[in-house]
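S.K.: Sequence:
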Amino acid sequence: MEPFLLVERDGPVVIARFNRPDERNTITEVAHSEEIVDFCRHMVRDTSVRAIVLTGNGKAFSAGGNVKYMAERSGMFGGSPYEIRNSYRTSVQMIGPAIHELEVPIIAAINGPAIGLGLDISCMCDIRLMADTAVVAESYVKLGIIPGGGGGWLLPRLIGPQRANIMTLTGEAINAATALEYGLVAEVLPADKLMDRALELAGKIAANPGHATRMAKRLMREGADMKLPTLLEMAAGYQSLAHYTEDHHEAIAAFLGKRAPEFQNK
1 MEPFLLVERD
11 GPVVIARFNR
21 PDERNTITEV
31 AHSEEIVDFC
41 RHMVRDTSVR
51 AIVLTGNGKA
61 FSAGGNVKYM
71 AERSGMFGGS
81 PYEIRNSYRT
91 SVQMIGPAIH
101 ELEVPIIAAI
111 NGPAIGLGLD
121 ISCMCDIRLM
131 ADTAVVAESY
141 VKLGIIPGGG
151 GGWLLPRLIG
161 PQRANIMTLT
171 GEAINAATAL
181 EYGLVAEVLP
191 ADKLMDRALE
201 LAGKIAANPG
211 HATRMAKRLM
221 REGADMKLPT
231 LLEMAAGYQS
241 LAHYTEDHHE
251 AIAAFLGKRA
261 PEFQNK
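Going by the numbering used here, the first residue of the sequence shown is number 1, and it counts up by one from there.
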């Protein structure tokens, strides 16, 4: 069987695609979650990677959990309440922390429906771009369940409690224009231009020294839960490391020499 996550690389930019288009890229099997978590761990270790684009093969980004599995009470939805709880904790709930700890900047290119867990995963990314034909939904309540993959924490922080309440408690889908109005996505593109823009943006990020973008991302992530003095202490430590990198010295030399820098990821 083909991997759930197809990965390709263009220099310092990695493209990862959910790859179950016939199932709308649903994420239900434990192996799916493990692939995503392993991918994130590998990206953290590979310091030559400077940007990631995450998207879906076919017409969907990801439709979340497979409803057929729910009806059959199979896979992670089978067993006693205790077993189901443990299945969540050891599969789909591993995805959020893995992406959250991923220091490489990651762009979600929402090419089609991002539903339930699919929306939650896009919310874990640093930047979201959306096709004008796509829709997103925090639709758990329509199935009589609750956001199980982190949406209850993510969505209010991104769009505010009022709009998060509307999306979560109605379960209704919103279109790209509404997602842009809510601030859920940064840009809306024609469907055939979505990946071009995602790769353009990834390229602009990857043009900078990887140590700088990784530490800047970590600083912003940690800063969301810090007081300013604590953040400044962390920034001072990171800055001292950055000043001693060869890429910093090259950037300064290029700036003063009025030329393009040649970074070596050192």
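Since the hints were made in silico from the structure, they are not lab data.
Fair warning: there could be bad hints in the mix.
[Said to hold, decoys possible] Computed list of lysine-lysine pairs in DSS-like fashion (alpha-carbon distance at most 25 Å, straight line):
id, residue 1, residue 2
1, K68, K142
2, K204, K142
3, K217, K142
4, K59, K193
5, K266, K204
[Said to hold, decoys possible] Pairwise CB distance ranges, derived in the manner of DEER restraints:
id, residue 1, residue 2, range
6, R41, G78, 26 to 34 Å
7, L143, Y82, 16 to 24 Å
8, G257, T90, 52 to 60 Å
9, G79, H243, 49 to 57 Å
10, K142, K258, 28 to 36 Å
11, R9, Y82, 21 to 29 Å
12, Y244, D132, 44 to 52 Å
13, I84, E172, 36 to 44 Å
14, E187, L219, 20 to 28 Å
15, M220, R197, 53 to 61 Å
Positions of the beta carbon are idealized from the N, C-alpha and C atoms, including for glycine.
S.K.: Hint by hint, say whether it matches the structure.
M.R.: Hints, one by one, checked against the model:
1. K68 with K142: holds (15 Å)
2. K204 with K142: Given that 25 Å is the threshold and the Cα spacing comes to 40 Å, the pair is violated.
3. K217 with K142: violated (35 Å)
4. K59 with K193: Holds, because 15 Å separates the two Cα atoms, which is no more than 25 Å.
5. K266 with K204: Measuring from Cα to Cα gives roughly 19 Å; hence the hint holds.
6. R41 with G78: 26 to 34 Å: Given range 26 to 34 Å: holds, Cβ gap about 28 Å.
7. L143 with Y82: 16 to 24 Å: Because 21 Å falls inside the window, the suggested range holds.
8. G257 with T90: 52 to 60 Å: holds (53 Å)
9. G79 with H243: 49 to 57 Å: holds (54 Å)
10. K142 with K258: 28 to 36 Å: Once the Cβ atoms are compared, 58 Å apart, the range 28 to 36 Å for K258 and K142 is violated.
11. R9 with Y82: 21 to 29 Å: Given about 41 Å between the Cβ atoms, the range is violated.
12. Y244 with D132: 44 to 52 Å: Holds: the Cβ-Cβ distance is about 45 Å, inside 44 to 52 Å.
13. I84 with E172: 36 to 44 Å: Violated - the Cβ-Cβ distance for I84 and E172, about 26 Å, lies outside 36 to 44 Å.
14. E187 with L219: 20 to 28 Å: holds (24 Å)
15. M220 with R197: 53 to 61 Å: violated (22 Å)
In this structure, the hints that do not hold are numbers 2, 3, 10, 11, 13, 15, in rising order.
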